[in-house]
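Line by line, the protein sequences give chains B, X, S and Z.
For the first sequence, the numbering used here begins at 1 and goes up steadily by one.
For the second sequence, the numbering used here begins at 1 and goes up steadily by one.
For the third sequence, the numbering used here begins at 1 and goes up steadily by one.
For the fourth sequence, the numbering used here begins at 1 and goes up steadily by one.
Hints are computed from structural coordinates only; laboratory data are not their basis.
A few of these clues could be false.
Pairs count within a copy or across copies, as identical chains cannot be separated in the list.
Unchecked claim - Derived DSBU-like pairs (lysine-lysine); straight-line CA-CA distance at most 30 Å:
#  : residue 1 : residue 2
1  : Lys-2     : Lys-163
2  : Lys-186   : Lys-163
3  : Lys-111   : Lys-163
4  : Lys-163   : Lys-179
5  : Lys-102   : Lys-179
6  : Lys-111   : Lys-68
7  : Lys-68    : Lys-31
8  : Lys-186   : Lys-35
9  : Lys-2     : Lys-177
10 : Lys-111   : Lys-31
11 : Lys-186   : Lys-31
12 : Lys-102   : Lys-35
13 : Lys-163   : Lys-35
Number of protein chains: 4
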Amino acid sequence: MKITILVGSSRKGGNSELLADFVVQDIEHEKVYIKDLYIRPIVDLRHTRNGFQAVNDDYDRLVEAIMKSDVLIFATPIYWYSMSSLMKNMIDRLSQAIRDEKYPNLREHLKTIRAIVVVVGGDDPRIKGLPLIQQFQYTFDFLNMPFSSYIIGEANQPEEILKDSRALLQAAWLNEKLKSELYAEKE
Amino acid sequence: MKITILVGSSRKGGNSELLADFVVQDIEHEKVYIKDLYIRPIVDLRHTRNGFQAVNDDYDRLVEAIMKSDVLIFATPIYWYSMSSLMKNMIDRLSQAIRDEKYPNLREHLKTIRAIVVVVGGDDPRIKGLPLIQQFQYTFDFLNMPFSSYIIGEANQPEEILKDSRALLQAAWLNEKLKSELYAEKE
Amino acid sequence: MKITILVGSSRKGGNSELLADFVVQDIEHEKVYIKDLYIRPIVDLRHTRNGFQAVNDDYDRLVEAIMKSDVLIFATPIYWYSMSSLMKNMIDRLSQAIRDEKYPNLREHLKTIRAIVVVVGGDDPRIKGLPLIQQFQYTFDFLNMPFSSYIIGEANQPEEILKDSRALLQAAWLNEKLKSELYAEKE
Amino acid sequence: MKITILVGSSRKGGNSELLADFVVQDIEHEKVYIKDLYIRPIVDLRHTRNGFQAVNDDYDRLVEAIMKSDVLIFATPIYWYSMSSLMKNMIDRLSQAIRDEKYPNLREHLKTIRAIVVVVGGDDPRIKGLPLIQQFQYTFDFLNMPFSSYIIGEANQPEEILKDSRALLQAAWLNEKLKSELYAEKE
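Working from the sequences, and respecting the hints, build out all of it.
Below you can see the structure in the form of structure tokens.
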């Protein structure tokens, strides 16, 4: 079971990344910092004669990471009650990628991935973050990706998530669950 | 009453822009194509010693357009059940802009602007677009911007919005409302 | 095409009923005033040995009305951001009715009914009524009932809905749509 | 700190009640079984000459329980993606109660109560129960009642909630929190 965290924050060690770290504590995993990839915004050419055009950027690296994964953790700060634009930019490009001959197996592979969402916000996120959770649900439904679980944390200052005992507890619970699955797998 | 449309699509003449055009038919207005501006993703430095750093991009032009406006129309396609990453990128940078000494009156001015949201999607948008409307509401609440109204249209193919009679009717209604306000203003 | 309005208000001629009247103007239809029916709250006995028990109340009349209908209009005031308890009481009992041998064809028939939702509230209903719309969606999804459309009106005082030009316009649009379908049917 | 659980289920010992029991484990509390009270549906007479009429039922007992409480736990099964009609019926009547001269201090007292929501559903409740959480939020906002926290559990069969380790963990967390507050109070 390979686990990849997609880190949507603009800074390393942000609260949502820290919370995701608890989820994978003592479990092998990889991280993709979206901020370190050069990903161009999607240009919607679905309906033009030639369709989408090849884009020269780092999206291949992202798709490679996804293709290797069994579990994807979407870790993003809540900016303006939604995911960061860095993460949204990556997701928007999926519209092109799932139709791209370069990635013939992407769409099928996505159906096998379990999605976990870890978000942290500062303004009443357990209420005002709920539309974001619903959007993830619609997105995973569209892709036929099982939506495994989500954790909403609350923090404003750097590392403040460490004080959100409720979120940490849920991360620990999820960590246990992943470990027991890994263990069962090895049997 | 100055009206500005913020166009969030990656292509000119997209469905959401067309629908917004009906809202401002025969009314003076300006358009800002976000796709034509170079806007860097926000780097969250709120909590560092020096705070946000000056960014050398086109955000000034956006703020200028906002500062001149009494009505802002956020016109965006629904990509993955949310606004386009182009528009999200612009909104994320607001966190910096409203704290920026370069724009001392931005925050106050935003409180006087009426916001209109015009979104068009292809996958059951009148249901699956609702979380996006809620996020706009939370955003405008945070900024104390009155949320005037929203229109959700349905379209997949280019110009297909012209067949969504329900959305067009709502755009016509809003157009009449804006015109009567403009007329009252000139009295 | 038989149309039935399920009226969820506690008073006759309430705003949501008036708005639904515009939807069916000049179209034959029936009305069921839920307030005039004696419907007992559901007692959840799904998991007991004997299952649900026969209930001696007016639910049969409701099921009869549903079985005759091709279009159901759920017209309810928004009380506390949700449907009236009168309507909720009726819907809760569906859990029993769709399992009841007395109504062997109910479940299949529901799949053929188109649902229309007409709600009116006084506290920012076009935003704060959205969770209610989402709940109707989930409910209709569960029943495999096509969710045709919804209208959200705003009113506090009796008959104030008559001033909500936007809601009236949508009702008129829906009225035209239903009429043209009826016309096509008769051809 | 007086804690009252409002039990919205139609059966004693239902899953939502069991989950609420974990929240108050080893803490003094009271329970009100709404199913055992005779509460008439609201008749909306806000706008009639004489206003609301006195209702001869058990609502007084409910108001008494509320007036004695510092913490209210709303425990309800999720029926059709919303609260039970039993609970909705009780909440709808609040519209009358907060305007009723019989209860002159109710409205003020509600502002001092902390609300906890405990809901259990069988059909993907952590996603499909979110609109219900939003409605509680709007309701508490209207009443200026602080919304302390919510727990969403998943269960279908009786007592199946005992297997939802994630919900139980959150109940235990909340239990600890309440205990430490009680302890601090006694100091």
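Now the hints, each set against the structure:
Taking the closest pair of Cα atoms, Lys-2 and Lys-163 come within 30 Å of each other both inside a single copy (29 Å) and across two copies (27 Å). Taking the shortest Cα distances, Lys-186 and Lys-163 sit within 30 Å of each other only across copies (25 Å), while inside one copy they are farther apart (34 Å). Taking the shortest alpha-carbon separations for Lys-111 and Lys-163, only the inter-copy value of 27 Å comes in at or below 30 Å, while the best intra-copy value is 35 Å. Taking CA atoms no more than 30 Å apart as the test, Lys-163 paired with Lys-179 passes in both settings, with 24 Å inside one copy and 18 Å between copies.
Taking identical chains as interchangeable, the C-alpha atoms of Lys-102 and Lys-179 are never at most 30 Å apart, the minima being 34 Å within one chain and 49 Å between chains. Proximity of Lys-111 and Lys-68 under a CA criterion of 30 Å is satisfied intra-copy only: 13 Å inside one chain copy versus 41 Å between copies. When the C-alpha separation of Lys-68 and Lys-31 is checked against a cutoff of 30 Å, the pair qualifies only within one copy, where the shortest distance is 12 Å, while the shortest distance between copies is 43 Å. For the homomeric pair Lys-186 and Lys-35, neither the shortest alpha-carbon distance inside one copy (34 Å) nor that between copies (49 Å) is at most 30 Å.
For the identical chains of this complex, Lys-2 and Lys-177 are intra-copy neighbours only, at 14 Å inside a copy versus 36 Å across copies, given an alpha-carbon limit of 30 Å. Taking the shortest Cα distances, Lys-111 and Lys-31 sit within 30 Å of each other inside one copy (21 Å), while across copies they are farther apart (40 Å). For a Cα distance limit of 30 Å, the shortest separation of Lys-186 from Lys-31 inside one copy, 23 Å, qualifies, whereas the shortest one across copies, 47 Å, does not. In this assembly of identical chains, the alpha carbons of Lys-102 and Lys-35 lie at most 30 Å apart whether taken from the same copy (23 Å) or from different copies (26 Å).
Taking the shortest alpha-carbon separations for Lys-163 and Lys-35, only the intra-copy value of 26 Å comes in at or below 30 Å, while the best inter-copy value is 40 Å.
Going down the numbered hints, you'll see the structure goes against 5, 8, while the others check out.
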